[in-house]
Amino acid sequence: KARTGWRTRRSGNGAGRFVKLASLIALPIVVIAIGAAVMREALKEPRMGSNYCTASSTPRHNAAVFIDVSFTTDTSASQDRDLTRALHEAYDTLPANGRLSVFTTANATVGSLPVPVLSVCRPPANEPEQAALGLGSKPAPYLAHQAEEARKAFAASVAALLAQAKDREQIAKDSPILEQVQGISRFRFDGPMKSLIVYTDGLQNSESFQFCQSPGHMPPIALFTQKPAYRFVKPDSFEGVAVHVLLVEFGTLPSKLLPYCTSDEVRRFWPDYFKTNGAASVQFTRLRYGAL
Numbered sequence: 493k494a495r496t497g498w499r500t501r502r503s504g505n506g507a508g509r510f511v512k513l514a515s516l517i518a519l520p521i522v523v524i525a526i527g528a529a530v531m532r533e534a535l536k537e538p539r540m541g542s543n544y545c546t547a548s549s550t551p552r553h554n555a556a557v558f559i560d561v562s563f564t565t566d567t568s569a570s571q572d573r574d575l576t577r578a579l580h581e582a583y584d585t586l587p588a589n590g591r592l593s594v595f596t597t598a599n600a601t602v603g604s605l606p607v608p609v610l611s612v613c614r615p616p617a618n619e620p621e622q623a624a625l626g627l628g629s630k631p632a633p634y635l636a637h638q639a640e641e642a643r644k645a646f647a648a649s650v651a652a653l654l655a656q657a658k659d660r661e662q663i664a665k666d667s668p669i670l671e672q673v674q675g676i677s678r679f680r681f682d683g684p685m686k687s688l689i690v691y692t693d694g695l696q697n698s699e700s701f702q703f704c705q706s707p708g709h710m711p712p713i714a715l716f717t718q719k720p721a722y723r724f725v726k727p728d729s730f731e732g733v734a735v736h737v738l739l740v741e742f743g744t745l746p747s748k749l750l751p752y753c754t755s756d757e758v759r760r761f762w763p764d765y766f767k768t769n770g771a772a773s774v775q776f777t778r779l780r781y782g783a784l
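Numbering-wise (the working numbering), the sequence shown opens with residue 493 and increments by one.
Everything labelled a hint here was simulated from the structure, so no lab data went into it.
Computed from a prediction, not measured in an experiment: that's the story for all the values here.
A hint or two may mislead.
Stated by the list, open to error - Each computed DSSO-like pair below joins lysine-lysine, with the alpha-carbon atoms no more than 30 Å apart:
| hint | residue 1 | residue 2 |
| --- | --- | --- |
| 1 | 686 | 748 |
| 2 | 665 | 748 |
| 3 | 748 | 658 |
| 4 | 719 | 767 |
| 5 | 726 | 686 |
| 6 | 719 | 748 |
| 7 | 726 | 665 |
| 8 | 719 | 665 |
| 9 | 767 | 726 |
| 10 | 644 | 658 |
| 11 | 658 | 686 |
| 12 | 665 | 630 |
| 13 | 686 | 644 |
| 14 | 767 | 665 |
| 15 | 644 | 630 |
The whole structure should be built from the sequences, with the hints applied where relevant.
Here you go:
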């Protein structure tokens, strides 16, 4: 009887050890399975790119800025500040995950097909913005830190961009404003373009038109659109786009070098041009050389 009992106890301990061993073997499998499930869920969540843009089912809001750098080495400190302020305001007023694309006429980038020199998104800054985009849950401190990090990166990019605009080697030999605006109107944004800021002195100078340098090259818009060369620079419609023209002024026209137009004609032409081509609204701001 004692012997039989001994065998029974040994048999029970062996079964216990087997259960424990099986549990130890199963534990890593369970952990791996849980990790795989978490990974699958993580992969379902859209990943944010280095430009802080995230793929989303929500249509992306696109804002564009066009900087004519054919004259920027001569701009005043106040005009430079105005451009900096306009860029930061354009970024700050983007909805979450909206994209800001900057185009210029710098020598390194100008071409028949415009390419943005800067393209960034404003990431969600709080939990409601994150949730509205269907991007999953993130803690508020993380979102706030990410938004601040993105804004600092944007500020650094703007500073570098403006430094390049002051570089005489980057100054374009001509000023194809109409051609570049046409290209922007046809650019394949990843959502509707909602706003466009144009920073320019307004003095078109290309093989098509030489504003103020050649007689009859900048008549009122109704006559301008009838010119044979206009069909080569006509943009696609700006329907639904809010346009803000920042007109950089250096003095009064006509002048010795620009005898064929007046300052009023230049100020009138660009708002009329965008309205004629379907802009939802046109805001116009003069940036005077000596303004404080």
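Outcome of the hint check:
Between residue 686 and residue 748 the alpha-carbon distance is near 39 Å, which puts this suggested pair outside the 30 Å criterion. Distance hint between residue 665 and residue 748 is fulfilled; the C-alpha atoms sit about 20 Å from each other, no more than 30 Å. Between the alpha carbons of residue 748 and residue 658 the distance comes to roughly 25 Å, so the proposed pair stays at or under 30 Å and holds. Under the criterion of a C-alpha separation no larger than 30 Å, the hint pairing residue 719 with residue 767 is consistent with the structure, at around 18 Å.
Under the criterion of a C-alpha separation no larger than 30 Å, the hint pairing residue 726 with residue 686 is consistent with the structure, at around 19 Å. Between the alpha carbons of residue 719 and residue 748 the distance comes to roughly 26 Å, so the proposed pair stays at or under 30 Å and holds. The straight-line distance between the Cα atoms of residue 726 and residue 665 is roughly 22 Å, inside the 30 Å bound, and the hint therefore holds. With a C-alpha separation of about 25 Å, the suggested pair residue 719 and residue 665 falls inside the 30 Å cut-off, and the hint holds.
Among the hinted pairs, residue 767 with residue 726 is consistent with the structure: their alpha-carbon atoms are about 13 Å apart, no more than 30 Å. Of the pairs offered as hints, the one joining residue 644 and residue 658 holds, with about 22 Å between alpha carbons and a cut-off of 30 Å not exceeded. Proposed proximity of residue 658 and residue 686 is supported: the alpha carbons are some 29 Å apart, at most 30 Å. With a C-alpha separation of about 49 Å, the suggested pair residue 665 and residue 630 falls outside the 30 Å cut-off, and the hint is violated.
With a C-alpha separation of about 24 Å, the suggested pair residue 686 and residue 644 falls inside the 30 Å cut-off, and the hint holds. Only pairs whose Cα atoms come within 30 Å are accepted, and residue 767 paired with residue 665 is accepted, the gap being roughly 29 Å. For a cut-off of 30 Å, the pair hint linking residue 644 to residue 630 stands: about 21 Å separates their Cα positions.
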